[in-house]
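With these hints in hand, go ahead and build the complete structure from the sequences.
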Amino acid sequence: MRPLLGLRRAASVITFALGALANAGCAGHEVRVRDSLIALDRGSMDQAVAALDRELGVKSPGELPPVTRDEALLLLDRGSIHLAMGKYERASRDFGAADQAIEVLDLSTSKAADLGRYVFSDDAGPYKAPAYEKLLLNTLNMLSYLARHDLNGARVEARRLAVMQKYIESQHDEGALLGLGSYLAGFTYEKSKQRDEALLHYDEALEYAPYKSLRDPLRALTRGQKTTHEAVDALVEGAEPLPPVEETGEAELLVVVGFGRVPSKTPVRIPIGMAMQIVGNELSPMERREVDSLVLQGAVAWINYPTLGQGRGGYEVPKASLGEEILPMEQALDVEGEVRSAWHKREGTLVLAAITRLLARTAASVAVAGATAAGINAAQDDRQRRDGSAEAVGMLLGFATSLTMSALDTPDTRSWSTLPARIAIARTRVPAGKHAITLEVRGQRRTFDVQVDAGGWALVPFFVLR
Amino acid sequence: MKTARLLPLVPALAFAMLAPLAAGCSSDPVFVRGSEVKGLDDPPMSTGIDKRDMEQLLHENMKHLVASPLAKAWADAGDKPTLAIFPMLNETSQHVDSQLQAVLSDAETFMVNSQLVTVVSRERQNQMIAEVERQNGGQFDPNHAAQYGRQLGAKYYMTGKVYTSDERTAGGRRVQYFMFMQVIETETSAVRWQNKAAFTKALLNQD
Chain E
1 MRPLLGLRRA
11 ASVITFALGA
21 LANAGCAGHE
31 VRVRDSLIAL
41 DRGSMDQAVA
51 ALDRELGVKS
61 PGELPPVTRD
71 EALLLLDRGS
81 IHLAMGKYER
91 ASRDFGAADQ
101 AIEVLDLSTS
111 KAADLGRYVF
121 SDDAGPYKAP
131 AYEKLLLNTL
141 NMLSYLARHD
151 LNGARVEARR
161 LAVMQKYIES
171 QHDEGALLGL
181 GSYLAGFTYE
191 KSKQRDEALL
201 HYDEALEYAP
211 YKSLRDPLRA
221 LTRGQKTTHE
231 AVDALVEGAE
241 PLPPVEETGE
251 AELLVVVGFG
261 RVPSKTPVRI
271 PIGMAMQIVG
281 NELSPMERRE
291 VDSLVLQGAV
301 AWINYPTLGQ
311 GRGGYEVPKA
321 SLGEEILPME
331 QALDVEGEVR
341 SAWHKREGTL
351 VLAAITRLLA
361 RTAASVAVAG
371 ATAAGINAAQ
381 DDRQRRDGSA
391 EAVGMLLGFA
401 TSLTMSALDT
411 PDTRSWSTLP
421 ARIAIARTRV
431 PAGKHAITLE
441 VRGQRRTFDV
451 QVDAGGWALV
461 PFFVLR
Chain W
1001 MKTARLLPLV
1011 PALAFAMLAP
1021 LAAGCSSDPV
1031 FVRGSEVKGL
1041 DDPPMSTGID
1051 KRDMEQLLHE
1061 NMKHLVASPL
1071 AKAWADAGDK
1081 PTLAIFPMLN
1091 ETSQHVDSQL
1101 QAVLSDAETF
1111 MVNSQLVTVV
1121 SRERQNQMIA
1131 EVERQNGGQF
1141 DPNHAAQYGR
1151 QLGAKYYMTG
1161 KVYTSDERTA
1171 GGRRVQYFMF
1181 MQVIETETSA
1191 VRWQNKAAFT
1201 KALLNQD
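Protein chains in written order, with the working numbering: chain E, 1 to 466; chain W, 1001 to 1207.
Derived by calculation from the structure, the hints in this document are not laboratory data.
A virtual CB, placed ideally from N, CA and C, is assigned to each residue, including glycine.
The reader is advised that the hints may include incorrect statements.
[Claimed, not checked] Mimicking DSS-like on lysine-lysine, the simulated pairs with C-alpha atoms at most 27 angstroms apart in a straight line are:
| id | chain 1 | residue 1 | chain 2 | residue 2 |
| --- | --- | --- | --- | --- |
| 1 | W | Lys-1201 | W | Lys-1051 |
| 2 | W | Lys-1201 | E | Lys-128 |
| 3 | W | Lys-1161 | E | Lys-191 |
| 4 | W | Lys-1155 | W | Lys-1196 |
| 5 | W | Lys-1038 | W | Lys-1201 |
| 6 | E | Lys-193 | W | Lys-1038 |
[Said to hold, decoys possible] Here are the simulated distance ranges between beta carbons:
| id | chain 1 | residue 1 | chain 2 | residue 2 | range |
| --- | --- | --- | --- | --- | --- |
| 7 | E | His-172 | W | Pro-1081 | 53 to 59 angstroms |
| 8 | E | Val-317 | W | Thr-1188 | 56 to 62 angstroms |
| 9 | W | Lys-1196 | E | Gly-57 | 40 to 46 angstroms |
| 10 | E | Val-31 | W | Pro-1142 | 47 to 53 angstroms |
| 11 | E | Arg-148 | W | Arg-1150 | 29 to 35 angstroms |
| 12 | W | Gly-1138 | E | Lys-319 | 52 to 58 angstroms |
| 13 | W | Val-1132 | E | Pro-66 | 42 to 48 angstroms |
Here it is, written out as C-alpha cells:
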C-alpha cells in the first residue's frame, strides 16, 4: 500500500506544481509591450524606449540584442519610436536588424514549433510578419534615410521594398501594393536623378491612390511628354509642363505625418458556442461531434484567441502650415485599414486553430488519465486489491495535463504595435532658403526649421504615436 | 512490486508536460576570436558582403587588372601615372556601403604595392569631392568623377558599381552580386580596363 500512497502524494505535488507553473506561465506578447504603449499614450517616448530596452535585455537604446525569436518585433516597435523622436540613425539600425531577423524567421521551419502551435499555442512558433508589416518596414526605413538626406540608403530600401512587393504579389496577397512605399521610392529615384525608375514607382503609387500631390512633380518629370505609364499620364493629362526646381532655383519640401496607433492584438475568451457559430462549418463532422460532446459534458466552456482592440487617432486630421500659408495634406496610407483587412482574413483560421487545440488538449488529458489508471490497476491486480484510487490518480494527472496545456495556450498577440494608424503627406515647392513648417496632430504641435538650397529638397517626418 | 516500478513514470510524465515551458529558454551567446574557432570566416551569416566575399572580389578583379594590356603598358612605360580611386556605387538591395569601402581600401593597398601607379591619397580625394559637391552635402557623385579626376591631376581613376539580382520565393532569398570595376582615362573618359566579378549569397529553407 505504501508505494500507492507515495504515488498519490507525488501526483498531488506535481498537480500543485503544474498549477502554480501554469498560473505563472508565459504571458502573451501584449504584456511585453504594455508599459511601452502606456508611456506612448502619456507622450513619453523616452520611457517607451526604456520599457522596450528592458524587454530586449539591453542597457541603452544604442544597443542591439541578439535576435532569436520575438526580439525582431520589439526592435520594430523601438524603430518606430526612434523615428518619431527624430533619431533617424537609430531608427534605421533597429529597422535594419529587424528586417534581417524577419527574413530569417520567415524562412524558418520547425517541427517542434508546428507541434507546439497545434497543441499548445499559436505563439509557440517564430513570428511570421503579415504582408503589410514587411512592406511598411522598408517604407519606414526609407523614410528615416530620406529624413537625413541619405539617398544611397533610401535607394537600398526602395529596392528591398520592390523585391518584397514582387514576392507578396506572387503569393496573391492583396496587400502587395501600399502606395506610400511606392510614392517614397519614386521620390528617392527622382531626387537621385533616375527619372525612369521614379516614373515606374510613381505609377505604382497611383494605382493605389490618386495622389494629388504628385501632379506637379509629374508635370516636371514628364515635361508634357507621354510616358508608358497609364496612371502617370492620366494624372497630368491636360496640364502644362512645369520646369523642374533645378531650373527655377526653387526647392521641394515633402512632409510626412504619421499619427495615432494601429489596433493592438488582445487576448479574448469567447464561449465555445459562439466560436462554433463563427467557424463551426470549417470543422469536420467528427470534430463537431467531439466539441458537442465536450460541451454537453460541461468539460469546456470557453476558448482563447486573439482579437484586434481599438485603434487610436484614426479619424484625426493633421494640420500643416508653411509660415502663414496652410499646406494641404492628403492621406497617404490608412494603416489601420490595412491591419483590419489583413486580420479579418485570418480571424476564422485563428478561432479554428483554438478549437483544434482544445480538442488536442482534451485528448491528451483523457490519454494521460487512462494510461495512469491502467498502469496502477495492473500493479494492484497482483494483490487483488482494487480500491478505485488508480482512477482518482489518473484523473488528477489528466486534469494536471489539461490545466498545464490550457495555461500554455496563450493567444498569439504578436504584432508591430507602434505603427501609426494613418499617414498623411504634403508636398510643395518653396523658394530656396530657410522655412518654418508647423505641424499639428493628436494634440501635439511642432515647428521645424528647414534650410533648402536651390534645386534641393528636404523631407520632414512628424510621427505622433498616441 | 509493479507499483514501485510505476513510480518513475510520474516524473517522466511531469517532464513531458513541463518541457514546453522550458522551450523558450536559450543559452547566452559568447564572443570569440577568429583564431579560436577554426573556420569562423567560412559560414555566411547574412546575404550581405563579408570578408571572404571581399577577398574573392578583390582577387578576381586585381588578378584581371594585372594581366591586362593596361597594366602591361604601365609597367613598360615605368612612369607610374597618377591613379585616383573613387567610391564604388552601391546599386544593390543590401546596405553594404561600408563593406564596399573596405574593398576599395584593399584595392588601394594593392595598387600602391604594385608599384605600377602613384595612388592619390584618399584624404586629398575626399577634400576635392567635398569642394565640388558643396551644394550636395559633399557626397560623391559618380557623374562628376571625371571632373574630380582632372582637379586632382590624376591621369586615371578607378571606380565601379555593384549590382544585385535579388529574388525572394517561398523557400528562400537569393542575392546575386555583380561587381564591375573600371579604370578610366581622365582626359578622354575612355574605359581602359573593365572587369566583372560575381558571387551569390542566399538564405534558404533547408526543409
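Verification of the hints:
no., hint, in the structure
1, Lys-1201(W) <-> Lys-1051(W), "13 angstroms, holds"
2, Lys-1201(W) <-> Lys-128(E), "22 angstroms, holds"
3, Lys-1161(W) <-> Lys-191(E), "19 angstroms, holds"
4, Lys-1155(W) <-> Lys-1196(W), "23 angstroms, holds"
5, Lys-1038(W) <-> Lys-1201(W), "21 angstroms, holds"
6, Lys-193(E) <-> Lys-1038(W), "47 angstroms, violated"
7, His-172(E) <-> Pro-1081(W): 53 to 59 angstroms, "58 angstroms, holds"
8, Val-317(E) <-> Thr-1188(W): 56 to 62 angstroms, "59 angstroms, holds"
9, Lys-1196(W) <-> Gly-57(E): 40 to 46 angstroms, "45 angstroms, holds"
10, Val-31(E) <-> Pro-1142(W): 47 to 53 angstroms, "51 angstroms, holds"
11, Arg-148(E) <-> Arg-1150(W): 29 to 35 angstroms, "31 angstroms, holds"
12, Gly-1138(W) <-> Lys-319(E): 52 to 58 angstroms, "36 angstroms, violated"
13, Val-1132(W) <-> Pro-66(E): 42 to 48 angstroms, "43 angstroms, holds"
Of the numbered hints stated above, those contradicted by the structure are hints 6 and 12, listed in ascending order.
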